[in-house]
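Since each chain sits alone in its own frame, please combine them into the complex, following the hints.
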Amino acid sequence: MKSFKYLTAGLLLAISTTACNKIIDIDPISNIGVDASYRNYEETKVALTGSYSGLQKPLEFEWMLTDLRTDNSKQGVANSSATINFEFNDLDMFTLNSAHDKVYQYWLTTYKNLRSINYVLKSLGVSYAGGQTAVGEGTAKMTQQQKNQLAGEALFLRAYHYFNLVRLYGDVFLVTEPVDPEQSKKINRTPISECYQLITADLLAAKDLLSPAPYSAATNTEAGHATSWAAKALLAKVYLTTNRASNALPLLNDVINNSGHGMLPSFSDVFSINNEMNKEILFTVRFKAGGFGLGNLMGNNFAPTSSGSAVINGDGSGYNYPTNDLDLTYKTPATGAADGRKAVTMAKYNSKLYVKKFISPVLVKFDGENDFPILRFSDVLLMKAEALGFGTESVNLINQVRTRAGAADYVTGDFNAGFYKYPTDGSANAIATPAQFLTALLNERRLEFAFENQRFFDLVRTGQAITVIKNHFALEFDAHYKAYRPAFTLADLQSHLTTEKLLLPIPQRELDANDQIKIIQNPGY
Amino acid sequence: MNSKVYLRGMFLIVFSCFLFLTPGFSQTKVKIQGVVKSAAGETLPGASVTIKDSKQGTVTNNQGEFTITAESGKLLLINYLGYESQAYSVKGAAKVTITLQEVKNNMNEVVVIGYGTQKKSSVTGAVSKLKNENLDEIPTSRLDNALIGKIAGVTIQNVSSEVGADPIVRVRGFSSISASSQPLVVVDGYPVPDGLSFVNPQDVESIEVLKDAASAAIYGSRAANGVILITTKSGVSNKPRYSVKSYYGFKKAYALNPIMSVTDYTKMLFAEAALRQNDPTVPANGKNLITGPERAAYIIEDQISGVPTDWQQEAMQDASIANIQLGISGGSKDLKYYISASGQKDQAILKYSDNERLNVKAKIDGTLSKKVSFSFNFNPSYIKTQRPAVNFTDYFRFGSFLPVYHNDFTAAYVHQNSQWADILPGDFVQARHFNGLQYTGTMPDGTLWSSGGPVDPFATSNNTPLSIAARETNNQQTYRILGGGDVSIKFLPNLIFKSSVGGYYTQQENNTFTKSNARKDGDVNAAVVYTKNYLDLLFENTLNYNLTRGNHNFTGLLGFTTQQTMIKESNIVGRNFPTDEFETLNQAAQIDQALTKTLKDRVGLISYLGRFTYDYKNKYLLAVSYRTDGSSYFYKGKKYGSFPAVSAGWGIAKEDFMKDVTWVSNMKLRASYGATGNNKIPSFSFQNLLYPGNYSFGNGNGDVNLGLSPNSDVLANPNITWERTYEFNAGLDLGFMADRFGLTLEYYNSKTDKLLYKRSTQSFSGSFEYINNSGKIKNQGVEIELTSNNIKNGKFQWTTNLNFSANRNKLLELGGEPFQYNYGERSEIYAAIVGQPAIQFFGYKTDGVWTSQAQIDEAKANGQTSTLAKYFAPGGLKFVDVNGDNKIDVDDRTPIGTPFPDFTWGINNSFKYKGFDLNILIQGVQGVQVINGDANYNESRRYNENFNKNRWISAANPGDGKTPYYTNGENWMLTDYVIEDGSYAALRNVILGYTLPSKFTKKVGVKGIRVYTSADNVVYLMGSSYRGINPEARATSSQYSSPLIDGYQRGAFPIARTYTFGIDVNF
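If you read the sequences in order, they're chains A and B.
In terms of my numbering, the first sequence is residues 1 to 525.
In terms of my numbering, the second sequence is residues 1 to 1067.
Pulled out of the complex, with its shape left as it was, chain B reads as follows (with noise of 0.2 Å):
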């Protein structure tokens, strides 16, 4: 990847908005006619028109309409309550159209805190506010894949392309090694494990990230990775509003594996072979390496069935999603309603994952008596996803020499044995079909080929994927109902108690069924049910007290919580069922015992809090707050941990001394410190359980006896206790012309101590792992928002965000252990060493390849050797001797690559032209690597042109000298061969509307219609070096589970260009 181009873009768009013009001048004084209206064309009657440096000055009338007399240079200023005023320069007599637009970057505006609401002028922590724009005209199934690259210093990584998939999450990076690094997301106040899953973005008013451990040590022992709270919409005292608004659209995949056809592979073998006749170093037995199997497949591509299967085409669908929403709000002053249904159903590109939304919300505010207000909240949703059975890597994998489908022809082929006389054409294709039969062809040279005797073209049982996607169903439901309401009691007009109960509910089940013979021939069909149900109940009360004295002001904030979890899940295994098309347990003739069971979890905190603030002038500024929280999770006299923390501001721009400094219209310097806490763990690690182990004993087949066995992977710990981060934040806020362009910088350090993580053992002692509380981890980084009204008139608006992140983390302290190795699936190494980063690549430096077996004989002649048994080996990779003993072994690994990005960026501009609104969203991460696991396998390596492109042949045809041949050599795997770069940037969406004219909506009797439409990774970037066609995937199950293996992707799935059409009507 070019960074250099994105810097020049980044440039480009911060120096424009700069730009502006100011009009020029004259003396004649002359009359302006004009009307004030809002964006939506509403008129707005009652606005003010001053003239600047005058006391002249008028009101809007019912209309909306204003006249005044000013001389010609002089500025019209024009002001509206919850809008942001705007000037007219006065050149001459004219009619003009002032449109007003809705306040947004106002530092007036209220910002949303643990526990309560603060004004954005005085916050002293670092939060980002997100208000929802256009959320819900992102073609997308969940809230998180909104959000991507829109604030600073949350990333969000799509790191699967299955619709509804879990996105990885990360508030400033990398902040525990722990279970887990998902930041706290708390949904109005209820903290919900899966809150940006099922949020409909439609109903969201806003969305605060908490970063800075001061903000988040409210949320005391879960906010170390940092609090996302969702805040959403209520109704507003006014008429009803109704509104319907729909969009569709379509997708396909932006880019995929070059794979080779058997045809072009098998033409490649022979120009390969023919160049090695000729190399006098290759010995005779090595001049031909084309085999019978491989023969057989071109064989079977070119004259059996004709044509090549792309498997890659044959795993898409034509994707579609669509999505309808419908909102009713409104109320009186006393009782206020928000209501809103919406439906959405999307669909990957690839065959068999789809998934279906339904959300319904409503919310009541009301005012009981002067003292006495509640409010209710009640949001049930039901999510429905159909999961492919099949990864992507099998479909890329599966040779392109079989068909899909048996036509007439390769079913009278395979027919040839008699194991296979029923085949019919239509039948799926499977490789064991066409093995152990005799093949006799032509071969690209020209020459006849007889295979002489039975081949096995493709030694594989398994099917192929689309007939296992085709028997094996994968459905997931999810019943989810998060409701509640609270009470709050005006002891006194400025001391408020509120006590609030809330339930979440979610009610999962999983469905599996696989027909008979679905992976392999043989296979029993099987249903698989599995259901979670998960109860969370959560009490909290909460005191609040604000005073203002003068030009003191106080606030103050007691609360004491509870939050219980009770988790059952359930999985029944049934086998053997009579037909395929029956899936009731009842028939099924066998229940696994094995895999049947039933499993109770609990988890309880208990809170208690507390915070005051004090401001002078709103100029001087100063927070503490205080947390302690004890866990289940820890044993006893472990269980509790507190998180006090501390903040302050300054605002400069309110000091004497920057009164003429008017071009600053807001500079605020913050500075916070604070300490927050992780406990993500499993339940009860700090004792070593019993798990079954059953023995069969006795006579003849024997009984099964029960057993119990301490046979856990991970040893347990009775000290483990809260992990802990200490953060110091600074913050600067700036606002220039009036707040015309804001800019935002932090800069912060946290040091995590304690850190809970699973550490290697020795596997002797029967687990490879054990928890413990160990360790320190240091984080650092910057984030940059930037706001900037490029260009704002009546007719024409540009605005550009830009938010930029940068964090570097550094492994401080390992329990006294100097570096610990975890593990990937293929034996890949993630190093974690005291003094960097918590994550590197870790294995051998390559140095090109073995080009000739003179080369290594010159090598061992200096005296170099190798304990790697297939190192010395011509076409395999060459490492390099790192320690420099002239000795390749296990001590010449190094570190080779770390996952972490060096930054992330997002710019987002928006356009207004009269009813035309253009919004463009651009998001890169920098400086990123990956492990291409798809290097593992020896289909990628033969048939992916990324790996077999320019690959040594022979001493005299080496290839471009970097890339080895495929099976000769040490393994991959283990090497800085696999690592590439993942960073990306890529145009993510596009959103084009337009607003009909009131004129023509009040004539269909509607408030306002807009359509629009949008686009989806319209452009993406890649790496140069990168192989794969997706830099975000990411293996996030089993081993990749563990935050400190990051960085590792196989079978990435193509990503979705969507396109959408869409319309929204108010009423």
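Chain A on its own, in the form it takes in the complex (with noise of 0.2 Å):
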């Protein structure tokens, strides 16, 4: 009895010490912690792969803090009663707060990828200071020729972020490396002129830092990753922003002579399905549709509210609604020239407007495939054009781009009632101040990029903002926001616009996280 008595104490304690450990000590099954990867190119890449992917995200806001604050689009039903649409009205008329769920939601996405972006450069060596991106020893191994391409990408990825923040929420958080919580509590708000530092250092390293091999030698499995000539054509856009479009010019005329990008002849070519990735795409954010997770929403976003599947399966939620000033500002009479990029931009359901460059059949809702445009060959000429400013090689860029819209030479009569080239002979028509230019180049930008997210950014950067927007409220107020309950007047709803409200609040809940520094919010919030 008793040897059976030693027995079971010997026993349970064998168990208890030797099966411990292997009971507590485990590692997830299903996923790979962080200090278990970027350990080479293969990894790395696949990292930054992942970085790629956290572009879509972001798209699903950035029209609702740049178009739709524009004279591009508007809020579609007064007085909806949905909540989206609350949300929408705030920003259409300029009367959000600090605390607009989607002002934080496309922060923090945005923010979620540059983490991401950030991991992959530091496992890089490449690091941010002083006003300089360099490329240093990182943790992952691979040849400088591997590091340099990753590297270069990566940082295009990083400056594309960080111009879109500073744009729309001024003085943002300059993070440069993955941040623990402790450290970030630590971080203000940088000067907008230090944000322009790193993204204009970024872009030059990672315009160096890439391959200048043209459009016409990339390898057909790479196409969408970032290239020199996108990191090239960025920055000359972050140069025209900063006033330094002495610097973008060369930069742009590059582009156009050696990219080997162009225009495609037909206009809706160049947002085919059929066709993407094509010549005239510097850069685009990707979408997949198929039931990978990787389609687009923008299809069922903005197609019309109860359309069934008249327009796309699965019917549309009616976002980004057109203004009616928008859809008057193409040019297309019954007869004679009409402009071509109209039918491709939008289109009308039971007599309402919706945003149609984004819609391709799908089989599932929100799956599209559309890919998204960032940089487009149109976009390099007309950045040239407002680089070089009034004259008569920056009016012919703008008729190159309109040629291919369809313009038709200006002979006679009224000039506004078809759809012209810009007479460069002097005639009465013909562009003949800088005001008057700049009015076209604006015109022109506002159809050949609606709603691709680039008006509120070029009426901001060219001054304009606050008269167009201002005139916008006029244009539709009988027709749109007079019918809003309880009523408001047109020049209630212009007071609410001013200079500084061009600039979105910092998200509340990142003001109120931090309690070891003071962080000041945007005037007027």
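Treat the hints with care, since some could be wrong.
[What the hints assert, rightly or not] Pairs of lysine-lysine residues, derived as DSSO-like cross-links and limited to a Cα-Cα distance of at most 30 Å, are as follows:
1. A:K470 / B:K287
2. B:K792 / B:K52
3. B:K1007 / B:K795
4. A:K518 / B:K638
5. A:K186 / B:K810
6. A:K186 / B:K776
7. B:K287 / B:K870
8. A:K122 / B:K638
[Said to hold, decoys possible] Simulated restraints on C-beta separations:
9. A:N243 / B:P692: 23 to 31 Å
10. B:N407 / A:T499: 51 to 59 Å
11. B:D445 / A:A432: 52 to 60 Å
12. B:N407 / A:S266: 48 to 56 Å
These are calculated hints, taken from the structure and not from any lab test.
We put the beta carbon where it would ideally sit given N, CA and C, even for glycine.
Shown next, in the form of structure tokens:
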């Protein structure tokens, strides 16, 4: 009996000492930790692909913060009771406050991707200090060429995100490596000029790190990755935005002359899902249909409500409702030359306008194929026109874009009745002053890039935002804003829009979360 | 709510406990003939009958009869083992029947504690015990719902009225702010994650709740939220007993939202417009705010469909509940068995919500030799739940002007639009059918109105809730097996080694099928198949020792346990099936790769435990325990936590100086201090993980490239470790007049430190939360349990049990930060502020509405400004300038309420008269606040009378000055306007039963028959500021699963009032 006792006790002890560690020392089965990745080219490339994937989510909200706040788009149903329409109204009418959910969602999803990008950059040994981006020794082992390629792409992505953030929110938080919660509480907002230093430094580095191979030489399977040309074009836009047109010009000339990119003969081909990654696309955020979770939501989001399957399978949400003014700005006379861009950009269902640019047939709702272009060749041409300023060469650049859209040579009659190229011969309808040039340029950009989230930035960059948007309120007032209950006057509506309100508020929870340093909100909120 | 009323009610009941009458006296000798029976009517042979203060006495014969001679005025004492003794006062010669009650509140009662049992008189911690008396007669699908209001310190809140849904169960309030505050549930020694959801109430012998840390510490690691021990019934050595029990009942909604029909609403709009017409301060364009769509909707209801639809009624079904239970138990001295089976079908009053349950239980206890005994337990169960596809909100938010189905007239009307040419009478009406048409008709003021062009009366593209519910089915099936066995070896008579092995396996299957066009026109049909396998293995070894030397009693316990859990989940989403009738995934044209996934997870726990108790004469009691746990939830070096506890008791009533105080039958003082832990966080939270983030590269449409990204919303932290709660508990047990009245008082004070919780972080770090171990929270509270046998005589008995608990929590520290804000779905804020309760609603304090522009102008003239764009609006809410800077902005936000109750209470009264028994449970929660999320919806604000009655119309007609106009001003959800009193008092349950006389039952050959009827939620009183229909409802999913966000309700489902009839037959 005694031996039995000891045997059991011994057994108990044996079990307890050996089995324990196996039971509690375990690793995840279905996931990998960050510490166990980013070790070599393959792993880092997979992580970079993850950063490209992260480009998609902010685009769900970007139109709300850009086109919706311009004369291109409005919230479509006055007095709608849907929460989302309340949110749209606040953006559309400049009545939002710092707790606005979509203003936060764009912020969060963008910074989430910046975190992913910064992990890649950190593993490649890329650092940013003193206004310079440098590539050093990282944890990931690979060849220099591989490293340059990955670092260049990641830097392009980082610059792209910060460029959007700084234009929308002003002074933002500049994070250039993964930060932990304790560190983040010590980071305050960085002045706009310093944000642009980072953006410029990243793009300068990216354009040199990335291969300068022209479009025609690009590898079939690599299409969609950021290229040196995309970096140059984006940098040119950054220069235009920061009043450095002279720096932009050589970059744009380089892209026009050497990139191998160019205009497609037909505007509709640019957006066709059968012609993705075409010659005109310098950079695009890619979407893919087919139940991969990579589909574009815009088709269903922008199709009209209650349209069933008439416009797109799975019905539409009626977001991003085009204004009547935009509809009328496209010259589409009954006879003669018409602007071919209108039919590609928008259409009507049950007498209601909707954005058509990103609609393609879907099997399942929200699973659209359409890529969303970020940089197109026509943008490069019009940026060059903007960089050059008023002059024959720049009017010709505008005309180059107009010609592709179907504009005819102007001979005689009412210039505004049809769709014509701008005369360059000094006739009455020719562009005669820098102001007229600016109007024509902005108009062209509006028509060419409608719903590509450019309009708001164009207006702010050129200082036209307040005038144009107030005018838009006046134009739409009777047909749309007057129907709101409780009623308000046009003057009320226009009074919401001040220069301060062109910047979005820093999301309130960002301010609330930090109790260590005082973060100053943008003025007006 | 008028709390005075309840207090008065409670006083009455407490007072009445002390009312009982003593009989008169006289001195003649008389002969008493009697028979002693049990409450069930069985005669009791061998019961002792003695005359008080004398040595005279007798014993009942085989028929339970006795004869005794005594003087008038003397007291006969009747005693029988296992029954409460009873006194009979002799008045004259008589033939009497003495009915003895089985022992209930006896101090020799045994209480189940962790890894063992203890006599109640030896318990030094705070342990509440509930013996199962009629839990299975309460008409519910779940055991936890049957426990509402029964145990002090345990709150159970029915947050959803879906049948089978998980209620919130809390022991001593809010003890942790980690991922979970749910108590640990242990079924027959087996810790299971969902024990309260599947245990058949009939099988329950008793429920013990280990409330203080010292009692719970033996379950160390997971015990910080309290431990609920469920002990199931075992067989007894007896002849086999058979029982059949069944009930059937039906349910009705207690209250619905006061939703106006479109006709009534439009009439109100016209009345408002008429008032504005005469108000000079209203600008011309504000005189008539009735829109075209509103007029068109009125025409549809008034002149096309003709009848308003009550969508709330459409959501309801005639619900029933049916239950049948069979039981067999018995056994010999060496082998005892208990076998039961039960089936239940429970429907909710909401359509497409029901729950079916099948339980089988087999338990065998055997003795193999003098040294070796074993027990074997096998408990499979099956639960099938149908869950509705739409929330109740979707029903009461839907305009009454849309009929459910088309009739000839409406079908013809929508045929005007060629798109709907195929619509037939009997088809579901959808809002879009009526869009884009012209409307002409008479308005409530008699004028003729014509839209002149196409109008959309209701601009939703969503289908009607009923058609969605009909076309989308969601079924969940859960198969469970809880089984195990143990062997006990008596090495010495007082040294027992027990080894047990158990397994708990569940397989859960969710099948969702969405037919074509289910939610919107053009929806593709889709099937979601989700499967979860959960396997948990437990291995326990304990050594129990006890020793009695004279007046010294020792017990010792040593143990080692391991628990391993493996979880497998898979999800498959298939779309585009050829028909809506065929659900096999093979037929899906597309498998959605983004949503199709498998996941494996595992969790491990190893523990060593020990307990030692000592008492002297059962008067001075001492217990110490220690447990150490290692968990896979934490990183190397952080895995182990230890949980010591010590407690002591003093049986004062046993002291000599209390000998003469005869009316005090029990007085015990207890004190304890101990540590418990909490690790309920997601696995592997100590490292940042990469998640899929694929992207398409390549010419044309490109090919999917696999990507990974650290894109979690929650940042990891390798330093996290056990959260620990240290709790002091003091208790006093009192018994008066031979325990006729019992009172237990508890006071506790706990501090939890190293709080594991998701803390807000700067979103620019890429995540908005990270998990951390910092901060301290304090809970203190009192609990009172009172048991009173108010009236107890042979014929009539009245027992009252009262419980009361109050808990206060305070956040002591938050990692050096003064506060944290957490956000709900409507950006409403839940603030955790150091030095204050852990959750407070946070926002603007309102002070009525701006009644006129003049009032606003005056404020502005006084220098008041606001950064809130829509703030200065007549008819909008007026905020209090809390910081007094004359500027209304975010700095004026302040705590405006808390979701924690002041106190909770329950009173259970049971009456017995002859064969009748009546049980009445009254229960309530006082001083709790809720955020009414329905106020966010325009439909509620428009059609719900609680939001539109007495509202502001114009400066001359400002309503009650408190109710804003629904579109004016700033968002209500950020203010105290949506904060309401969630207190309630409910006549929760009444059971009336009748046990047929044994004379009758014997004739039909059965041992006993009882019939009963029960009613749930007979009366339900709600707070006066409460605008909803179910104060207990809470949102608990997505962000509301965070323990720091609580108190939000939206789309609360009506409380069900249930009536049942049951019969219980024993053979």
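So, going through the hints one by one against the coordinates:
no.	hint	verdict
1	A:K470 / B:K287	26 Å, holds
2	B:K792 / B:K52	18 Å, holds
3	B:K1007 / B:K795	21 Å, holds
4	A:K518 / B:K638	35 Å, violated
5	A:K186 / B:K810	28 Å, holds
6	A:K186 / B:K776	24 Å, holds
7	B:K287 / B:K870	20 Å, holds
8	A:K122 / B:K638	28 Å, holds
9	A:N243 / B:P692: 23 to 31 Å	42 Å, violated
10	B:N407 / A:T499: 51 to 59 Å	58 Å, holds
11	B:D445 / A:A432: 52 to 60 Å	59 Å, holds
12	B:N407 / A:S266: 48 to 56 Å	51 Å, holds
Violated hints for the displayed structure, listed by number in ascending order: 4, 9.
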